[in-house]
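Listed in order, the protein sequences are those of chains A and B. Reading the first sequence from the start, the letters are residues 1 to 238 in my numbering. Reading the second sequence from the start, the letters are residues 239 to 276 in my numbering.
If you are wondering where the hints come from, they were derived from the structure by calculation, not from laboratory data. Just so you know, even glycine gets a beta-carbon here, dropped at the ideal spot from N, CA and C. Incorrect hints may have been included.
[Claimed, not checked] Okay, derived cross-link-like pairs now, DSBU-like style, lysine-lysine, Cα gap no bigger than 35 Å in a straight line:
#1 A/K2 / A/K66
#2 A/K2 / B/K268
#3 B/K268 / A/K66
[Claimed, not checked] Here are some, though not all, of the chain A residues that point toward chain B, as calculated from beta-carbon distances under 8 Å:
#4 L15
#5 R36
#6 V42
#7 W46
#8 A98
#9 W100
#10 V147
#11 T205
#12 E211
[What the hints assert, rightly or not] Beta-carbon label-pair distances, calculated as ranges:
#13 A/P26 / B/L250: 36 to 42 Å
#14 A/Y17 / B/E241: 22 to 28 Å
#15 B/S253 / A/G123: 14 to 20 Å
#16 A/Y156 / B/P242: 30 to 36 Å
#17 A/W106 / B/P242: 27 to 33 Å
#18 B/R267 / A/F157: 41 to 47 Å
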Amino acid sequence: MKSRYIFSGLAVAGLAYGFFLAASHPPDQLQLEFVRISHVHVASAWVAFLAFGVTMIAGLAWLATKRFVMDHIAAASAELGVFFTGLALLTGMIWGDAVWGRAWDWGDARMASTALMFFVYIGYLALRRSILDPEIRARRASILGAVAALQVPLVYFSVTLWRTLHPTPSIRPDDVTMPTGQLVAMLTNLAAFTLVYVVFTTWRTRQISTEAILEARDASELAPAGRTIEPPTLGPAT
Amino acid sequence: MNEPAVLLSYFLSYSLIIGFFVRLVVQDRKLRDRLGDN
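Can you make the complete structure from the sequences, with help from the hints?
So this is what it looks like as structure tokens:
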């Protein structure tokens, strides 16, 4: 219990430090002050990829082990993934409007594929809500989670596969095309957002497990009391 | 979009994450109450 609050405090402190670093580095030569929102955009997109990867792995783990905690991790991670994909889309549109002069372009491979991924995972959450039986829900969600995760590499590599409006990655193992101040702010935010994701997923998983216990209790309370009514057995009259 | 609007959006993005966390804490408390009631 206490460790949950300690890690939550660390995540919030990391986020505050990331906010401070991203707000205090010198403005970019080309993007001016607008560069600051790109730190939120990149970190959110990274966490979304991570979340959907975890949804797939946890879903497959449920199929293999049938342990419901795996299904609960998959559900919690998908919720977080949708939240951070939404944030990445929103901040990307604000940044695009300020720097490119257009908020949205369906011709851009990264934007279109990310939007598609966002709607597919909203569908995943809708599927979960539409099925009452926990086992059927977990099985179908695991399969959808595994299929939907195929989009993650497609979204990531879309900038190199199709050269459209989006820039290629600024941080590569062999080359970094970013001033040091921006790089430090970007990496700090990536770490802080990852910690935030881990903490939030832990909280949400616990809550989904508790909800499952309450659902099971409610169902047992609603069950008819006493013996079930059985039809009379017909036999020879005595 | 002008600079102040983008900087405000930048600030609001972090606030949204904190807001999500506050919602988690509130939801957690409600669930614990429900569990206690039963």
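Evaluation of the provided hints:
1. Distance restraint check for A/K2 and A/K66: the Cα-Cα separation of roughly 29 Å lies within the 35 Å cut-off, and the hinted pair is therefore satisfied.
2. A hinted pair counts as satisfied when its Cα atoms are at most 35 Å apart, and A/K2 with B/K268 qualifies at roughly 18 Å.
3. As the CA atoms of B/K268 and A/K66 are separated by approximately 28 Å, the hinted pair is consistent with the 35 Å bound.
4. Because the smallest distance between the Cβ of A/L15 and any Cβ of chain B comes to about 6 Å, under 8 Å, the interface hint for this residue holds.
5. The beta carbon of A/R36 is positioned within 8 Å of a beta carbon in chain B (closest approach about 5 Å), and the interface hint is therefore held.
6. For A/V42, the shortest C-beta to C-beta distance to chain B is roughly 12 Å, which exceeds 8 Å, and the interface hint is violated.
7. Proximity of A/W46 to chain B is violated relative to the hint, the smallest CB-CB distance being about 14 Å (cut-off 8 Å).
8. Interface hint status for A/A98: upheld, as the beta-carbon distance to the closest one in chain B is roughly 5 Å, under 8 Å.
9. A hinted interface residue such as A/W100 counts as satisfied when its beta carbon comes closer than 8 Å to some beta carbon of chain B; here the least separation is about 11 Å, so the hint is violated.
10. Interface hint status for A/V147: violated, as the beta-carbon distance to the closest one in chain B is roughly 27 Å, over 8 Å.
11. The beta carbon of A/T205 comes no nearer than 11 Å to any beta carbon in chain B, farther than 8 Å, and the hint placing it at the interface is violated.
12. With a cut of 8 Å, the hint placing A/E211 at the interface with chain B holds, because the nearest CB-to-CB distance is about 7 Å.
13. Between A/P26 and B/L250 the CB atoms are about 23 Å apart, so this pair departs from the stated range of 36 to 42 Å.
14. Range check, A/Y17 to B/E241: about 23 Å between beta-carbon atoms, so the 22 to 28 Å window is met.
15. The given range of 14 to 20 Å is broken by B/S253 and A/G123, whose C-beta atoms sit roughly 28 Å from each other.
16. Separated by about 33 Å at the C-beta atoms, A/Y156 and B/P242 satisfy the suggested range of 30 to 36 Å.
17. A C-beta distance of roughly 29 Å is found between A/W106 and B/P242, which places it inside the suggested range of 27 to 33 Å.
18. For the pair B/R267 and A/F157, the supplied restraint of 41 to 47 Å holds, since their beta-carbon distance comes to about 43 Å.
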